[in-house]
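K.L.:
Start from the sequences, fold in the hints, and give me the full structure.
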Amino acid sequence: MTDWLHPEALLGAEGLRGLDALGPTDLLVSICAVNQARSAPQVVEAAVKGVSGTLTARASAILVVDAGLRGDTADTIRDWARTQPPLPPVRALRVAGPPSRPRAVQAALAAARHLEVPAVALLDAGLVGLSGEAVELLLRPLLDGEAEYVSPAFSHAPSEGTLSSNLLAPLNHALFGRRLQQVVGGCAGLSGGSLRRLASSEPWDGDHTEYGLEIRLAIEALTSGDRIVEAHLGHKILDPGLTPRDLATTLALTVGPYFGLMDRYRSAWFATQGSRPVPEIGGPAALLVETGNAHPDRMVRAFKLGLKDLLPVWEQALPEETLGQLYPLGLLGAEEFEFPPDLWARIVVDFAVAYHECRLPRDHLLRALTPLYLGRVASFLREVHAVASAQVPALLDILARAFEAETESLAARWR
Amino acid sequence: MRETWSDILISAFHEVMQRLSLVIPRVLALLTLLIVGWIAAALARRLVLRILGAVDFDGRCARWGLTASLARGGLRQTPAQLLGRLVFWTLFFVALLMGVEALEMPATSGLVVGVVRFLPNVIIAILVLVAGWLLANFAAQAVLIAAVNAQVPLAPLMAGAFRWLVVSFAVAAALTQLGIAREMVLLTFGIAFAGTVLALAIAVGLGAKDLAREMLENHLRGQRGDPDSTTHV
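Residue numbers (the numbering used here), protein chains in the order written: chain F, 1 to 415; chain Z, 1 to 233.
To list a few chain F residues with every Cβ distance to chain Z over 10 Å, as calculated:
#	residue
1	Pro24
2	Gln42
3	Gly132
4	Gln325
5	Asp397
So the derived label-pair ranges between C-beta atoms look like this:
#	chain 1	residue 1	chain 2	residue 2	range
6	Z	Leu186	F	Ala412	53 to 59 Å
7	Z	Leu157	F	Pro244	26 to 32 Å
8	F	Asp75	Z	Gly195	51 to 57 Å
Just so you know, the hints here were simulated from the structure itself, not pulled from any lab data. Heads up, the beta-carbon is just placed ideally off N, CA and C, and yes, glycines get one too.
P.N.:
Following this line, the structure appears as structure tokens:
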């Protein structure tokens with residue numbers, strides 16, 4: 001089997017020499033950047049704090065892997081490190097080639113493998129809200145032998161991370177039987193053993209862009225029997241200077257790789273029944289008070305426009321029975337709009353099957369999900385505003401069970 | 001008198017027999033070529049289907065969106081079956097041409113040469129039409145989805161206009177390839193294309209100015225005034 005985490009192939013001889021100069025290392029914090037010179041120093045500071053607290057006795061290192069086109073992130077970090085007081089070793093590597101987030105993650109994993117560290121934390125260079133404690137939480141369970149994989153969990157307002165709360169997380173619960181809040185959280189912790197097993201697993205084919213490798217790390221941990229803990233890392237704040245992607249592209253880059261990986265791991269989820277929580281550290285993630293301006297009315301308008309104009313596309317993915325349940329939603333006003341969880345779960349499953357069977361170009365299929373997703377989010381926000389915050393977990397539980405109810409038919413249709 | 005009458009009968013009989021002896025082998029050759037051509041075409045179709053099956057041609061076509069485009073066009077057969085049929089009828093047509101040539105009839109002597117000379121143009125024209133039709137469906141669907149996601153009103157109209165633009169371009173290219181009224185086709189297409197663009201410009205400038213203003217206002221309001229704070233990932 002091809003070694004898809006081969007250090008020399010990914011980091012080059014010069015990169016390996018830089019890593020060898022670090023000497024024996026107990027833990028590594030790898031920060032993956034793609035043209036993120038502005039926010040990377042802030043994340044490195046959090047990493048420095050994270051390894052300088054109770055972990056200070058361990059031989060630690062911080063590595064910034066820059067897979068951007070400009071290469072200015074690595075330069076910025078080198079300049080920044082010169083101005084700082086003595087720190088744990090901070091190295092910055094540049095990975096050649098076109099800008100690619102998965103390649104930065106792949107190189108970070110290869111570096112950890114080369115150093116043979118017992119614990120590695122992977123951080124996205126845009127996670128400017130991370131604290132030193134959060135970084136420590138990603139590493140501590142690995143070093144103490146309590147877990148092989150640490151998954152992030154964030155406190156968030158209802159309108160934050162709706163793709164995770166309404167699609168990726170409940171689908172992931174239903175398929176793999178463990179309740180993780182995040183599949184694309186932007187950070188994770190892996191043990192040395194987990195890393196070695198990953199290196200010997202089926203190669204990463206690289207065609208699942210952007211979030212694909214991150215999703216694979218989570219699914220690999222879920223299916224391999226690794227002990228998993230979920231670390232509460234506070235409020236997720238991304239670099240505000242990042243240009244946000246349009247929603248359809250975000251859906252294509254997250255849901256697409258997930259649907260693609262469903263086929264690779266089908267033997268693992270065919271027999272799953274129900275789901276159970278994973279142990280938490282750092283306290284439970286809280287539901288924060290809504291401070292932004294979410295506009296469910298605009299989302300309902302987008303849904304209705306989709307229902308009016310995208311039917312010829314949806315007809316290729318959704319069976320008549322599902323479409324029949326969608327039509328009445330077009331008659332509801334924004335104030336009374338309700339997109340039932342069971343209908344939403346069925347639609348996601350129908351889209352996954354259509355993706356698997358290549359019923360239409362996959363990019364078209366994923367982008368055509370956008371109005372349906374907005375309809376579901378509008379309904380979710382309306383439901384959340386109508387209940388006390390203590391009842392929101394119950395709403396998410398109903399959604400999770402709706403997805404679980406669909407897995408049997410999904411497995412039957414997948415074959 | 002009696003001898004003359006019998007001579008005429010005999011010579012007519014000989015004449016007919018002689019002519020038949022010339023024609024019958026040619027007809028037999030035609031029938032043989034048709035039968036052999038049919039068998040060879042059927043074998044070739046089977047071989048093509050096997051090869052396409054081995055390389056998962058139908059699966060690839062589905063991933064490229066060709067199968068869906070064919071289905072939308074009313075073709076219920078798989079792309080591999082369609083290609084198999086194309087191979088079958090092409091080979092059978094070649095056998096038919098050979099058979100007609102074997103008849104050595106004065107009326108068909110130039111036909112075969114003409115058809116063979118023109119055949120590559122026909123094949124290229126068909127390929128241009130098929131490719132144009134598939135591209136039109138693919139691009140129209142992409143335009144439709146992008147326009148609906150951008151909440152542009154009249155998205156199906158835009159997608160439909162885009163589809164027919166691509167199809168008409170493919171038809172013009174195919175007719176030009178066949179050499180049918182080349183100047184007229186180019187002129188017609190140029191006039192129709194320029195006319196459509198002009199009509200759209202006038203429609204947007206006069207008829208749809210309120211719609212354009214509303215779209216711009218919505219866009220700018222979304223960017224500046226009251227943006228949606230929902231974060232998805």
